[in-house]
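Colleague: Sequence:
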Amino acid sequence: MSFFRGNQPTPPPPGAYSRVPEGGSLPRGVGRPTPSPYNDPSAALFDRRPNDRKPPPPRSGGSFGVVSSPSDALALSNCLIVHPSDFQQGQHVLVKNDFPCTTRHDNTSKLLPGTIGASALQRQWIGLSAVGDETTVDPLPTPPHPSAPPYLESIDIEVGFLRRGAQATEAFSADEMSRNFLKAFSGIVFAPGQLLVFEFHGQNLKALVKGVGILELADEQRRGGQQGRRQDNMGILMDKTDVGFLKAGDSPIKIKSSSKKAAPNAIVAPNFKFEDMGIGGLDTEFSSIFRRAFASRVFPPGLVEKLGIQHVKGILLHGPPGTGKTLLARQIGKMLNAREPKIVNGPEILNKYVGASEENVRKLFEDAEKEYKEKGDESGLHIIIFDELDAIFKQRGSTNSGTGVGDSVVNQLLSKMDGVDQLNNILIIGMTNRLDMIDEALLRPGRLEVHMEISLPDEAGRYQILNIHTMKMRVNGVMDLDVDLQELAVNTKNFSGAEIGGLIKSATSFAFNRHVKVGTMAGISDDVENLRVNRGDFINALEEVHPAFGVSEEELQQVIQNGIIYYNDNVKELLRTGQLFVEQVRTSKRTPLVSILLHGPSGSGKTALGATIAQESQFPFIKLISPDSMVGFNENQKVAAISKVFADSYKSPESVIVVDNVERLLDWAPLGSRFSNAVLQALLVLFARRPPKGHRLLVIATTSLRPVLTEVGLSEAFDSELRVAPISNLESLEYVLHSVELFETDEQRRRAMHMLAEAGFASGEDESMNGLHIGIKKLLSIIEMARQEPDHATERLVGSLMGLGM
Numbered sequence: 001m002s003f004f005r006g007n008q009p010t011p012p013p014p015g016a017y018s019r020v021p022e023g024g025s026l027p028r029g030v031g032r033p034t035p036s037p038y039n040d041p042s043a044a045l046f047d048r049r050p051n052d053r054k055p056p057p058p059r060s061g062g063s064f065g066v067v068s069s070p071s072d073a074l075a076l077s078n079c080l081i082v083h084p085s086d087f088q089q090g091q092h093v094l095v096k097n098d099f100p101c102t103t104r105h106d107n108t109s110k111l112l113p114g115t116i117g118a119s120a121l122q123r124q125w126i127g128l129s130a131v132g133d134e135t136t137v138d139p140l141p142t143p144p145h146p147s148a149p150p151y152l153e154s155i156d157i158e159v160g161f162l163r164r165g166a167q168a169t170e171a172f173s174a175d176e177m178s179r180n181f182l183k184a185f186s187g188i189v190f191a192p193g194q195l196l197v198f199e200f201h202g203q204n205l206k207a208l209v210k211g212v213g214i215l216e217l218a219d220e221q222r223r224g225g226q227q228g229r230r231q232d233n234m235g236i237l238m239d240k241t242d243v244g245f246l247k248a249g250d251s252p253i254k255i256k257s258s259s260k261k262a263a264p265n266a267i268v269a270p271n272f273k274f275e276d277m278g279i280g281g282l283d284t285e286f287s288s289i290f291r292r293a294f295a296s297r298v299f300p301p302g303l304v305e306k307l308g309i310q311h312v313k314g315i316l317l318h319g320p321p322g323t324g325k326t327l328l329a330r331q332i333g334k335m336l337n338a339r340e341p342k343i344v345n346g347p348e349i350l351n352k353y354v355g356a357s358e359e360n361v362r363k364l365f366e367d368a369e370k371e372y373k374e375k376g377d378e379s380g381l382h383i384i385i386f387d388e389l390d391a392i393f394k395q396r397g398s399t400n401s402g403t404g405v406g407d408s409v410v411n412q413l414l415s416k417m418d419g420v421d422q423l424n425n426i427l428i429i430g431m432t433n434r435l436d437m438i439d440e441a442l443l444r445p446g447r448l449e450v451h452m453e454i455s456l457p458d459e460a461g462r463y464q465i466l467n468i469h470t471m472k473m474r475v476n477g478v479m480d481l482d483v484d485l486q487e488l489a490v491n492t493k494n495f496s497g498a499e500i501g502g503l504i505k506s507a508t509s510f511a512f513n514r515h516v517k518v519g520t521m522a523g524i525s526d527d528v529e530n531l532r533v534n535r536g537d538f539i540n541a542l543e544e545v546h547p548a549f550g551v552s553e554e555e556l557q558q559v560i561q562n563g564i565i566y567y568n569d570n571v572k573e574l575l576r577t578g579q580l581f582v583e584q585v586r587t588s589k590r591t592p593l594v595s596i597l598l599h600g601p602s603g604s605g606k607t608a609l610g611a612t613i614a615q616e617s618q619f620p621f622i623k624l625i626s627p628d629s630m631v632g633f634n635e636n637q638k639v640a641a642i643s644k645v646f647a648d649s650y651k652s653p654e655s656v657i658v659v660d661n662v663e664r665l666l667d668w669a670p671l672g673s674r675f676s677n678a679v680l681q682a683l684l685v686l687f688a689r690r691p692p693k694g695h696r697l698l699v700i701a702t703t704s705l706r707p708v709l710t711e712v713g714l715s716e717a718f719d720s721e722l723r724v725a726p727i728s729n730l731e732s733l734e735y736v737l738h739s740v741e742l743f744e745t746d747e748q749r750r751r752a753m754h755m756l757a758e759a760g761f762a763s764g765e766d767e768s769m770n771g772l773h774i775g776i777k778k779l780l781s782i783i784e785m786a787r788q789e790p791d792h793a794t795e796r797l798v799g800s801l802m803g804l805g806m
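Those letters in the sequence shown? Residues 1 to 806, per full-length UniProt numbering, in order.
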């Protein structure tokens with residue numbers, strides 16, 4: 001092994017410098033090399049007198065011997081100490097082809113040519129076994145050479161005390177440390193993983209370079225870059241470099257966070273783009289979540305400390321199923337520059353063994369607690385996502401299991417989120433469809449304080465979702481050009497994101513079906529490469545896939561299957577008035593809730609009129625509450641069913657609820673005047689409850705016993721009442737007969753009307769004089785019965801009407 005190159009003197013034996021102390025000199029008489037022109041202070045080579053011999057030019061690199069840094073002051077410079085004959089002052093070099101350093105001349109005249117002085121931390125970083133080792137040192141080009149190390153835009157440094165056992169007596173200011181660091185080390189090259197010593201306020205700090213950010217120069221400044229490869233794994237510190245400090249996990253050092261710049265562990269990933277989340281229709285919700293939950297984490301910790309606030313620790317996402325709550329929570333984890341989220345389904349917490357459920361909750365917080373103890377506010381963010389939160393964190397005292405496990409699990413979570421040893425590096429995201437079931441203590445500020453409703457998407461949101469779900473179809477050219485996503489967005493009112501996904505799957509199934517061989521369900525036609533999803537496929541899918549919070553089309557069609565017959569002006573006026581109420585609900589800023597009552601004799605068409613008004617409103621949510629669907633229900637079941645329909649209506653921006661046959665819902669019986677008080681109280685509350693802000697509701701109720709509603713006090717709940725009159729004159733009756741085409745000729749119809757007049761049914765508007773008083777529903781039933789005997793239809797019709805006692 002040789003410390004020197006060329007025809008230099010014979011090197012000292014191995015280990016000759018091994019006993020040189022850090023920053024000291026060789027002991028007298030121990031391992032001193034033979035004097036030579038390179039180490040003799042009296043030699044002319046180092047004579048500083050003018051006009052004498054000058055040192056030879058710096059060498060171009062090669063193999064060098066390793067000794068300790070000549071002095072403590074030079075060791076604190078974190079430079080590689082060299083002899084002036086070997087390298088220039090401040091030159092950037094590469095040690096062992098991988099470790100960048102900046103050179104500094106020895107001002108003590110203790111360093112020999114062909115040797116380099118490295119501090120203990122430098123030797124540890126580079127991997128030099130001991131003093132007396134040999135390594136390669138090669139110069140790097142200097143800027144503005146294209147292959148030279150670039151300048152640093154930012155550098156993140158983890159610091160702790162160099163001396164073990166040192167205690168933190170003061171909190172060091174990150175801003176002041178940054179200024180001192182730039183002043184001390186400007187112009188020095190740094191690389192990730194580098195170890196160095198940093199003196200601050202009389203304390204020697206051990207520092208580790210955690211990461212560097214390279215300054216991207218303009219194209220004209222990088223001209224000639226093809227001539228060499230730039231070293232992007234290192235960089236030169238400059239006065240404008242952004243220096244960030246992190247607390248070492250095993251050190252008691254205290255760092256006062258900067259109030260001018262964000263922490264190095266920035267919360268938002270730098271390469272994040274919102275469109276990469278693959279979520280449509282939630283722009284407003286996501287903006288609110290970011291403002292309330294993440295904005296404080298983006299700003300400098302020192303500024304947040306001045307405000308005296310704590311970061312938001314919990315977000316609760318609630319809303320209808322399929323609206324993207326779980327997807328949003330998972331994508332938030334990707335957006336944040338945080339630890340890998342822990343995703344927990346609510347029931348997974350429970351365990352049959354005593355205390356095991358509470359232990360499962362504690363384990364979720366172990367990593368966050370450990371890191372917070374080590375790094376404090378510089379700790380990374382730990383995210384815990386609870387899906388189906390209502391399954392486990394129910395209201396305390398609401399279960400009668402006898403074990404009390406549910407209550408103790410809630411208590412354990414409460415204590416972990418906002419207990420005595422509260423953490424500031426956690427974020428809990430919970431999802432639920434049943435906000436009313438969750439314990440109230442969990443919803444207060446300091447815990448799950450941000451409540452965000454993920455509602456059904458509007459038209460713009462549905463277009464975004466359709467655009468996302470059909471992206472591959474359009475990119476790969478398997479969607480026909482006649483498909484208009486904007487048209488589909490209009491026709492998918494109250495579709496959730498999941499239901500839009502189901503709609504697209506249904507459309508593709510129709511496209512697949514066109515390419516199935518005739519007579520088999522397993523064979524594929526030869527023209528399968530021409531498969532395209534077209535507009536017709538989506539139209540068929542719309543007939544097949546219906547939203548859960550949409551229109552009860554089947555129920556409405558059943559009650560208006562015979563259509564509306566305009567037998568007098570009263571019918572037209574009722575429909576026109578109904579549409580006025582619809583427009584009031586749609587446009588009025590003062591009355592988001594309107595309730596009307598349609599009353600009249602049994603069979604007068606009240607339900608059909610109410611359903612028609614509802615359908616013509618084109619509101620996205622239309623439901624029918626009818627006693628027919630509650631046969632056998634007890635009081636509690638009826639109340640639950642009615643309440644659910646109203647709760648569902650609050651999720652839609654515009655809704656219509658038709659409550660049919662109110663007296664039957666109340667279980668009214670004239671004998672003993674019996675009725676269900678529980679159902680009555682529920683209807684009184686629900687009819688008067690305003691929908692949430694931004695939502696509108698029209699309630700249409702029908703009854704055949706108007707006086708009963710007055711007796712029970714329900715009539716006061718309605719904003720308006722409309723009377724549906726029965727057919728009370730022959731002109732209206734003739735109009736109905738003509739509309740349903742009971743008779744083949746006009747002569748037969750005139751004969752029937754003549755017979756009715758002779759039977760005592762007179763024409764005119766005075767109901768008390770003509771004796772005709774029949775509902776349209778009952779009349780249509782009589783007409784259909786008479787139609788079964790065409791030759792005697794007139795006699796059958798007249799006889800039936802007379803048999804009613806009119």
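Treat each hint with caution, since some may be false.
[To be verified] Here are the in silico distance ranges between beta carbons for each label pair: (1) ALA647 to LEU542: 24 to 32 Å; (2) LEU307 to VAL475: 41 to 49 Å; (3) ASP250 to ARG292: 49 to 57 Å; (4) LEU542 to ILE564: 20 to 28 Å; (5) GLU731 to GLY694: 45 to 53 Å; (6) ALA641 to ARG292: 33 to 41 Å; (7) GLY632 to ILE343: 16 to 24 Å; (8) ARG434 to GLU635: 38 to 46 Å; (9) LEU481 to ARG292: 54 to 62 Å; (10) LEU671 to LEU575: 55 to 63 Å; (11) GLY632 to LYS693: 31 to 39 Å.
Everything labelled a hint here was simulated from the structure, so no lab data went into it.
For glycine and all other residues, C-beta sits at the position ideal for the given N, C-alpha and C.
Colleague: For every hint, state whether the structure bears it out.
Modeller: Here is how each hint holds up against the structure:
1. ALA647 to LEU542: 24 to 32 Å: Holds, at about 26 Å.
2. LEU307 to VAL475: 41 to 49 Å: Cβ of LEU307 to Cβ of VAL475: about 47 Å, so the range 41 to 49 Å holds.
3. ASP250 to ARG292: 49 to 57 Å: Since ASP250 and ARG292 have Cβ atoms about 35 Å apart, the given range 49 to 57 Å is violated.
4. LEU542 to ILE564: 20 to 28 Å: holds (25 Å)
5. GLU731 to GLY694: 45 to 53 Å: holds (47 Å)
6. ALA641 to ARG292: 33 to 41 Å: holds (36 Å)
7. GLY632 to ILE343: 16 to 24 Å: Violated, at about 41 Å.
8. ARG434 to GLU635: 38 to 46 Å: violated (22 Å)
9. LEU481 to ARG292: 54 to 62 Å: violated (43 Å)
10. LEU671 to LEU575: 55 to 63 Å: violated (37 Å)
11. GLY632 to LYS693: 31 to 39 Å: Between GLY632 and LYS693, where Cβ atoms are some 38 Å apart, the hint holds.
Violation of the numbered hints given earlier is confined to hints 3, 7, 8, 9, 10; the remaining hints are satisfied by the structure.
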